[in-house]
Amino acid sequence: MSRTVISKIVGTKVVNDATFMISLLFEEQPKPGQFVMVSLIDNRSDPFLPRPISVFDWEDGLLKLLIRKVGRGTELFSQLSAGDSVRVTGYLGNSFPDTNDSICFVGGGIGIAPLFYAARKSIAAEKLFLMGFPTESAVICLEEKRADTKLLYATDDGSAGVHGTVVDMLKNRLEITPPDLIITCGPEGMMKAVQKIASPYNISIFHSLESVMACGIGACLGCRRELPGRSVLVCKDGPIFDGLDIFPEVPQ
Amino acid sequence: MKTAVNIGSLQLKNPILTASGTFGNGHEFIDYMNLNSIGGFCSKGLSMEPRGGNPEPRIVETASGMLNSIGLENGGAKAFLNEVLPQVSDYDTAVIVNIYAHSMAEFVELVRYLEQSDRIDGYEMNLSCPNVAEGGAAFGSDAAVVAKLTQAARNETKKPLIIKLSPNVTDVREMAKAAQGAGADAVSLINTLIGTAIDREKRRFILARKVGGLSGPAIKPVALKMVWDTVQAVDIPVIGIGGIVSFEDVLDFLIVGATAVQIGSGNFINPALAQECAHSLETYLEERNETIDQLIGSIRS
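These protein sequence lines map, in sequence, to chains W and B. Quick note on numbering: our numbering labels position 169 of the first sequence as 169, and the sequence is numbered without any gaps. Quick note on numbering: our numbering labels position 144 of the second sequence as 144, and the sequence is numbered without any gaps.
Just so you know, not all the hints are guaranteed correct.
[Claimed, not checked] Now the in silico label distances, taken between C-beta atoms and shown as ranges:
| id | chain 1 | residue 1 | chain 2 | residue 2 | range |
| --- | --- | --- | --- | --- | --- |
| 1 | W | V232 | B | R288 | 56 to 62 Å |
| 2 | W | I41 | B | A4 | 28 to 34 Å |
| 3 | W | I176 | B | N82 | 52 to 58 Å |
| 4 | W | D42 | B | M104 | 46 to 52 Å |
[Unchecked claim] Chain B regions said to be covered by chain W (calculated; three or more residues, Cβ under 8 Å):
| id | region |
| --- | --- |
| 5 | 47-60 |
| 6 | 65-71 |
| 7 | 262-275 |
The set of hints was computed from the structure by calculation and includes no laboratory data. Idealized CB from N, CA, C, for every residue including glycine.
If we strip away everything but chain W, and leave its shape as in the complex, we get:
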């Protein structure tokens, strides 16, 4: 069950120039891959709409959101501090599939946000988390690394980590030991490239999509997306979809 509450912020943290983290009180436990709608409560008029933000982590009633400043709404969120409150509606959307064998998470930029909690909760025997960023200043360091997950990152310009893209890293990995399941979140170009390079290996691939949405609960119909043979709402039917549905043009 989802609900809407005024939630208190207990901590904020600057992650890099464009990215920050908010920790807030939210009692219920999310499923990996779910998201919340967040809005400011002191100013109901402008910016008008809540923003969809994926769950970065949750533990003991503490919900963590990793947010990138992309516009006026998220810029205002970045100015919040401990003691402030926001409206949170959630949890929303479906959740990631899991496997008990081997799983690979592929995140591009802020797309790593929903993957962290999924990696932490996954029961897979082998977990690999690949991340890609444009350059060193955009790297999001996941301090809360866990021993059971192997974390690797690349930068496009080679200024930190592996030189190249996250797709290059995945390609190398596929040539050695392909996982059973790939979960991605990032720019659609990245997700499509993953679909392309992994399709010969007959691996299940799921992507977490982003969309503009006004409500997040299936009422505004703003986030509709056409899939082969059906139309879906990213908020309600997603945000996680089978790669075969999202990129039907990629040859199998």
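With chain W fixed as given, assemble chain B onto it according to the hints.
For chain B alone, coordinates are given in the frame of chain W:
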């Protein structure tokens, strides 16, 4: 019930309704609020046949509001009766079906079809959608057409018939009078104002359909004025819509004479807003020892 108001033969337990297109078909909100707490809700715009709506992008945030060009996407009348309505049937709240058609004949067909359900408490005839090429606002901007369509629907049903009016006209009062003259039980206004937004970097329109309907707090002063004008022009109830995001906004519409209100895109920001407004109204009247009838139209001239 101290907060009850009447729309034709329909008694609403309170004047808080939710606006078509912003409340799904009610069931989307049951996690967030008790549907029994509000006077009723208006369904997503319903047509006889299923409609896919307009291409994406079809929403964009604007200053103190948003533009939408959804285009009346819905699953059609048959699915509504068989699949949608049963999900909300057991709630003690009015179900007002917002109806849309391309022609008079289709309106007649739709109302006739829906009349088989005894769970529908009333109809809101959409003569004001700005997001469709045929019908919609094109119907609602000619008083003679408003009268003809209202009369056609009136002939098919004894249930309360509300005509939803567009602000994109020279004088909304003429449309309201035409609806009243043809037997409407009430008018509801305003639907969205037509607007657009562009991406100046790419020099493109943001919405795929280029234009959309503006809603949200940005339009409230326009809505409040049109509701006040219309209240003075007709004898049937006027339902106020436009930019309600708080109980204070609800009060404003009631004070200028709206018999009821519809909360629209405010539902997107706080999916429990309608229930909170209904609760606040009850407390407000109790504290002031005022009746709802005393409150409605209490603006000093």
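Hints, one by one, checked against the model:
no., hint, in the structure
1, V232/W to R288/B: 56 to 62 Å, "violated (48 Å)"
2, I41/W to A4/B: 28 to 34 Å, "holds (31 Å)"
3, I176/W to N82/B: 52 to 58 Å, "holds (53 Å)"
4, D42/W to M104/B: 46 to 52 Å, "holds (49 Å)"
5, 47-60, "holds (count 7)"
6, 65-71, "holds (count 4)"
7, 262-275, "holds (count 7)"
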